[in-house]
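Asker: If you read the protein sequences in the order shown, they are chains A and B. Using this note's numbering, you'd call the opening residue of the first sequence number 1 and step up by one each time. Using this note's numbering, you'd call the opening residue of the second sequence number 1001 and step up by one each time.
Warning: the hint list may mix true and false statements.
Unchecked claim - Among the chain A residues that face chain B by a calculated CB cut under 8 Å, a handful are:
1. Q17
2. V25
3. S41
Stated by the list, open to error - In the EDC-like style, the derived pairs of lysine to aspartate or glutamate whose C-alpha atoms are separated by at most 16 Å in a straight line are:
4. B:K1068 to B:D1002
5. A:K47 to A:D21
6. B:K1067 to A:E64
7. B:K1068 to A:D21
8. B:K1068 to A:D18
Simulated from the structure, these hints should not be mistaken for lab results. Note that beta-carbon positions come from the ideal geometry of N, C-alpha and C, so glycine has one too.
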Amino acid sequence: MENRIKDLRKEQNVTQQDLADAVGVTRQTIISLENGKYNASIQLAHKIAKYFSLTIEQVFIFEEE
Amino acid sequence: MDFRKKLKVRLYVAIVYIILGLAMIVIPLFLKNDNNFASSLGFAFAVIGIARIRQYKLITKSEDSIKKREIAESDERSIFIASKARGIAFFSYIIVAALVIIVLQVLNYSQVALIISATVCFMVLVYWLSYLIISKRS
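Please construct the entire structure, taking both the sequences and the accompanying hints into account.
Answerer: Below, the structure written as structure tokens:
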């Protein structure tokens, strides 16, 4: 599952640590999400989308197999 | 449970470890029973207790460090990794134990092989029971 976290963060001038603190995860988790190594749970996806004032679909791009 | 309460419980458990450890060291001395196993185990308990108290002090030194620790412990990726690692450890143990049991049987150490077989059966039983309980709750 791809996501736009890195782009949104850069657009809004937010550091990985700021985002991690805001959504209650470690910076390493944000790094893994940005690199596509880890897929967020629905709760975390919701928190991240809410942080950027967007919907989950606007942040996370679901690829159908 | 609130994270601060969790930390407090950990502190009490550490104190219990130290008390248990000291008791295991001191009681054999009073009984004039030179029990090396009990005193070694007691020493290990005491060291673990002291280390946990030190860890508690480090975590609770500031609000920021408590928050950081809480995030580190509740981080969903860390939980996912730990769960996956436990799964691999469980599977590896079953495979290695099965091989060891075969080798021990061939070498005629059937008593040891029986004990290892019992631990494998116990682990598999706990796995299935846990699976059943968790699947009913989820």
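Asker: Now look at each hint and say whether the structure bears it out.
Answerer: These are the hints, each one checked on the structure:
The restraint placing A:Q17 at the interface with chain B is violated, with a minimum CB-CB distance near 11 Å, outside the 8 Å limit. Using the Cβ-Cβ criterion of 8 Å, the hint placing A:V25 at the interface with chain B is satisfied: the shortest such distance is roughly 5 Å. Nearest Cβ of chain B to the Cβ of A:S41: about 5 Å, under the 8 Å cut. The hint holds. Annotation: proposed proximity of B:K1068 to B:D1002 holds, straight-line Cα distance about 15 Å (limit 16 Å).
For the proposed pair A:K47 and A:D21, the alpha carbon gap of about 11 Å is at most 16 Å, so the pair holds. Between the alpha carbons of B:K1067 and A:E64 the distance comes to roughly 38 Å, so the proposed pair goes past 16 Å and is violated. Of the pairs offered as hints, the one joining B:K1068 and A:D21 holds, with about 9 Å between alpha carbons and a cut-off of 16 Å not exceeded. Proximity of B:K1068 to A:D18 is assessed by CA-CA distance (about 13 Å); at most 16 Å being required, the pair is judged to hold.
Hints 1, 6 from the earlier list are contradicted by this structure; the remaining hints agree with it.
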